Each structure stands twice: as structure tokens, then as C-alpha cells.
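Participant: Chain by chain, the residues run as shown.
2 protein chains.
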Amino acid sequence: MRKLYDMNIHDLIRDLREPAKSKIVLLVADGLGGLPMQPGGLTELETANTPNLDTCARDGVTGLSIPVLPGITPGSGPGHLGLFGYDPLEYRIGRGILEALGINFQVGAKDVAIRGNFCTLGPDGKITDRRAGRPTNEKNKAAVEKLRTIKIPGVELFVEPVKEHRFVLVIRGEGLGDRVNDTDPQQVGVAPLKAEGEDEPSKRTADVVNKFLAEAVKVLADQGPISGATLRGFATYPKIATFADVYGLKAAAIAVYPMYKGLARLVGMDILDPGQTLEGQVKKLEEVWADHDFFFLHYKYTDSTGEDGNFPAKVQMIEKLDAVIPDIRKLKPDVFIVTGDHSTPSKLKSHSWHPVPTLLVSDVCRQDEVTQFSERACLRGGLGQFQAKHLMLLAMANAGRLGKYGA
Amino acid sequence: MRKLYDMNIHDLIRDLREPAKSKIVLLVADGLGGLPMQPGGLTELETANTPNLDTCARDGVTGLSIPVLPGITPGSGPGHLGLFGYDPLEYRIGRGILEALGINFQVGAKDVAIRGNFCTLGPDGKITDRRAGRPTNEKNKAAVEKLRTIKIPGVELFVEPVKEHRFVLVIRGEGLGDRVNDTDPQQVGVAPLKAEGEDEPSKRTADVVNKFLAEAVKVLADQGPISGATLRGFATYPKIATFADVYGLKAAAIAVYPMYKGLARLVGMDILDPGQTLEGQVKKLEEVWADHDFFFLHYKYTDSTGEDGNFPAKVQMIEKLDAVIPDIRKLKPDVFIVTGDHSTPSKLKSHSWHPVPTLLVSDVCRQDEVTQFSERACLRGGLGQFQAKHLMLLAMANAGRLGKYGA
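The listed protein sequences correspond, in order, to chains A and B.
Numbering follows our numbering, in which position 32 of the first sequence is assigned residue number 32; successive positions increment by one, without gaps.
Numbering follows our numbering, in which position 1 of the second sequence is assigned residue number 1; successive positions increment by one, without gaps.
Keep in mind that a hint or two might mislead.
One copy or any two copies: either way a pair holds, since identical chains are not told apart in the list.
The calculated DSBU-like cross-link candidates involving lysine-lysine, where the alpha carbons are at most 35 Å apart (straight line), are [said to hold, decoys possible]: (1) K404 - K23; (2) K141 - K21; (3) K347 - K126; (4) K194 - K23; (5) K250 - K347; (6) K404 - K218; (7) K194 - K300; (8) K163 - K21; (9) K141 - K330; (10) K151 - K300; (11) K218 - K250; (12) K284 - K126; (13) K332 - K141; (14) K239 - K404; (15) K347 - K203; (16) K250 - K404; (17) K250 - K300; (18) K146 - K332; (19) K218 - K163; (20) K23 - K332.
These aren't lab readings, by the way, just hints derived from the structure by calculation.
Everything numeric in this text was worked out from a predicted model, so none of it was measured.
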């Protein structure tokens, strides 16, 4: 039977990939793309003074990445999966799993991860406050300690604080499903919903959490406004092939924030600890240069400043990133890519659907006329507007790691 | 189980859509794209004086729409379905249905619609003229009246004149199929083919039309050269989700020609009657502005002049359209889109595959450098060259009606 490679690019890559000594650096500036604050103005990237990124644009080939589809705004999960070459419409990371990744909890194949909210229950068992008065993190931790005393036979339970009213519950056991409804009724004046599973494995999960939530009310009796809990976003660990399996790459993630370490761990990258600074990340890259083929560097602050709606701060964070580019290029990566997982325009204070400026430098890229790294300049770039999920194909090709398809 | 959204964008939209008060105007200039009459010359759109469309291009973002696939020339059906966000390769509107829509016949879920041709049969029952000498419309109507006397038990029959030798037959009944061969043998000197159905429902349809055609020969005995009929393009009403269901949009169609009203009705738009003029369409838009979220305006004359091969007339029709743009923008649509369902170059006197100039104006679009609305200028536009079926995603995103995909 013929294979529909368009449906399974990973099989195509496995067939075509060839061994090489080349090294690839993928630098993801989170939320890189932007918008002018006023029509006719400049974007954050256009405003920033970026001599080093501009040199990369001149040396390489540029374009714009469409994270998912035109008009679709991705979360961090789909945004990164696309850049890693996993179709974000095919591979979905459930909310519970992302929440667990975000607090650096190492979820595994037997886990169901769930977002929890502490709530306040009236004497009649009905919710009077869905967020339990937004407790302090200290009160959250104290309540989590209480939940940790709950034992359910046959499974292992992990409860981890997030912040305010939020926590993560992970159930580890055999044959658990995640097709379970949220128990949060999304309104006050009604009791939390009973968990119900849609299939046999999910019924097991529902049975565990119903017992857990009944116990929770008992152990939280002395915790003031925290008198109950609701659960949502049930998610099992996704079945996803590793970077080594798909690309034959020994990959390392050099990220500061737990969520991005977690996403990299999902695809089997080695997670390195660079400390908390960009300089630390570059230093770590230098240290481990000999040990890996592929390096994912994640830079958070282009996104967080955009989410804050702080245009000048985003400009500054872009310039800060620009300053370390020469240190990365000094290592002479065979392929050097700078892109973002999505746009985060300061004007919108949120992720957006707008395509993301992207550059790729290699000895065998076809240079274009673009000499500036910006949303508008990249429109004239040789990569055109491409789907993020195809970026890794370009990385592999430019790294001399993909052979010919067909004779 | 996880959904493969790439296979079903409508499910993705249903999951992500968010309520909003925003209004979207989709202005379709039929057959908008063109070609120069001579190499090196200007296209119709480049020749036309279009100060208002150029202002839109300056204010917004531009690009080129690929109606189906590169090189594929669409009919009106696929051209519009793509713009409405229905993959024209997935949703196919049969010829019989389109013919019925074109004469404003309101086809329904129990109908099989079929194109009919009057023909001349010799004494031996063989076809001597496949078009019955191209009768006048009056003779066509008289012959249709005869056909209307035919009754077949168990079904309702509708016969409607089109023009010259053409008519439409609609069979309404339970459990009818459309997998029936054309009875037109496409040549003279042979008898019309017998209808045969490929499955049980289609066998029922074939049985009805074989009886109908046998009766037709009897009732047409006194109609001169019109002495028989052939049937082709058997088509049932397509199963297609409505705009309200997919997008959550209350949509109105403001079109002059029946075919486009019919296509809009297929996707559940409210069909408004603007009379016969462009001015009437704009006036209707103003009248109903408060009542709908989405407005489809169809302008026919950029296509019909192109089909005529009348370059100066197409230029003039573009300029006429340009003149009403300010009246539309005065209503302050949150998203204003101008595009075409396909190109109709005067040089080719027919629909063509060439990508279609497109502009989108909104407060949150990423402006590009394009300041003229034309085939060449739009090549430098921020929308790039995109598939028509993705246009509605961009419309929804720019209208603030699509939430984030994944966490």
C-alpha cells in the first residue's frame, strides 16, 4: 500500500535521514512577532536595534512561520510542537499535562494529570466561591499538604501547588483514561459535578477522583475558605515519538522556564540547567557543544513583555537577545535558526495568529535580498510564508541530514 | 480519541470560536483577477482607477487567494465554497443542484436535481440534434409546460425552463440517489442512453427518469424539433453545515444573481433582496447592518465582462465597484475583505486558475507595504498567497471571534 507521506512526515524523515556531524541551533524567541501600536507605525522588532540579527538575515534566508494555520492563535504547547516538527493539529497536549509541565512535574506514560482549583463550599455542599477567595500561596501549600494525606488503593497520587487557588493532581496507575468531564461547574450556587468516564479506563480515573474529592472535603475541614476542590483538564501523557527516533538527533533543551523544559522533555530532548539568565543559557550551550547535535534555546521575555502590553520593554528584550547572537554564532553551528512559537503583539497583550519572522543561516541556504530581521522585511524572504511544522525539514536539509526522496 | 483537525477545520473553529459583536463584510468581485491583453501590459485591475480600493490596500493587509489548488480553475460553486471556508475539494456541489440554484429553484434535502436538454429524435429514436435546433426561450417554455403534465407515482416532479434547449428537472421523494449515468450520449446518430443507478436509492431515481423520458417523447410529439430530452448531472442536495453552526455567525447574502443567492442559501445565509443594482446592494447593507454579523456581497460584472473578453468594460466595472467602497467603509465593519472567487481574464474570456487579489482591513491586521490593489502589488502583501478556504479563519481571527488553540 502506498503511504500518504503528507499524513506522516515523520515516516518520510525516518526513511530519508542520513548520519552527519552537523549541528543545529534553534533559538526560539517566544512571542517574537508583533504589531505597531498605531497603524502605519513600526513593530517591536522593527523598532529594536538588532545589528546581529540583521547580519544573520543578510547571511541567511528569511521568511515567516505560520504556527498552526492562518488565523489560528496557538498556545505555547502547539506553538512549540510545530517548531519541533510535530503537527500541532495532530499532536495535542492536554491542559492537565501542560499545567504539570509548567511546575516542572515529570509526568510519565502511566499518568493522568489534572488541573485543580480550591473552592469554598457552603454547608449544603454548593460552591460559594470557585477560587476559595484566592488564597495566598502559603495557604495553598498548607491545603496541598492536607490533600497529600489522601490515599486511594491501586494508584499513586501526587498533589502539587501552583499558585493562589490552583494545584495539580497527578494520578499514576495502570489503565487510566482521560475522557473524564470537568467537575468544575463553572458557576456558584451549585455543587461540584461528579466525575464520569466515557470509557472503561476513564471510568477508573473518574472513580479515583470521586473518592479523592470526597476525602478532600474531610481533610480540608479546618482550612477556612478552602473547603473543597474542583478538577478540570484531565489529560494522559501524549504518545509522541522522540527527536532521536524521528530525526536521529541527540537534542538538548536549554530553557529557563519549566513549561518549555517540559515540552522539550515530551519529545525526548535532554534537559539542561542553564540557571536563570540568557547569559547562563549561552554559557551552557558552549559547555555542552560537543555532546549534542541539536540545541533548542528558549527565550521567554519577548513573550512576557508582549503579554504585559509593554512595547518598550519588548523592544529592549529583543535587543538583549540580539546582543548574545555573536556568542552563539562563534560556535559555528551548521544551521542557525531564529524564530518564535507565535506572535505576541504588545498592542494585543496576548498571543496572536500573525506569522512569525524567521531566519535560517547555513552554508547551503539560498540567500535572499533581505538584510533586516523584521516582520515586513521577512515578507520578501526566500522561505516565503511556511507552516511551522515544516521548519525541521529545512533544518535537517540544511544540516546535510536528509537524503534524496525517490530515484 | 484525539481529533485530526487538519481533516476537519470546522470542528476546530467550533471549538475555538468566541462570541463577539464584531461585523465582517466579504465583498466578492466575481472573476476579479485578470491578465494583460499583451505581454508586458497591465491587467484590468491595474488599468482601472481605484483610489478607494488602493486606500483599503494601504490601510490593510493584502495577498493573493488560490481558489482550489495552483493551476485549478474553479467554477462558481467551488470558488464561493472556498471563500466561505468549505474545502471545495471536500464539498462538491453537483451540476444539477447548481443549475437549479441558478434559476432560483429552492432545492431541498429530498431532491435530486438534473440538467435537461431538449433534443431532436429521428423516427428510429436516434438523436439527430442534441440541442433540438436551439429553440427560442418561448418554445422552450411551451415544451416545459408539456413535460409538466407528466406524473410518476411516489414522487413529485418539477420541470423548470432555463434557456434555449436547457431545462431543469427536480425529483422530490424519499430515498432517492444521484449515482445515475447521464442519458446524453454526447453524439448524434445513437439513441439516448438508459438511466441506470449504481445503488438502490439511485436505481429508484433511474426508474423514475426512464419512465419520465418515455412519457416525454409522447407529450412532446407536437413540439416540432423538440421531440425528446436527455438528462445529465444528477445531484442530490449536499450535506453541508451552516454558517451559524460552523462560525456562530448570523450571515446575510446581498446578491443580485440567483446562482449566488443559491450558493449562500446552501450554507444557511439569510438571502436578502437588494434589487438589481450595486447601489441597491449597498443600500440593503445599510438597512440590515444591525441585524447580522456577516455580510456577503456579490458583484457579478467583473466576471461577465471578463467572460465577454471585454477588457475596457471590465476596467469600467471595477471602477464602478471602487466608487461604492466608501459607502461600505462608512459602516465601519470590523473586518472588511475584498476578493474574488477566481480570476476571469478578458484575454481568456473564461474563468482561470490565476490567484486572486485580496485585501483585508481591520484594526488588528498587520499592515504591509502595499498601497495599490492589484495582482502585482498584492504579491508583496502580508497575507502571501493563501488557500481561499483559509480566508474565513483570518476573517474570524481579525474579528476577535477565535480563541487560542491549546494552552
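Participant: Please write out, lowest number first, the hints stated earlier that are contradicted by the structure.
Facilitator: 2, 3, 4, 6, 7, 9, 10, 11, 12, 13, 15, 18
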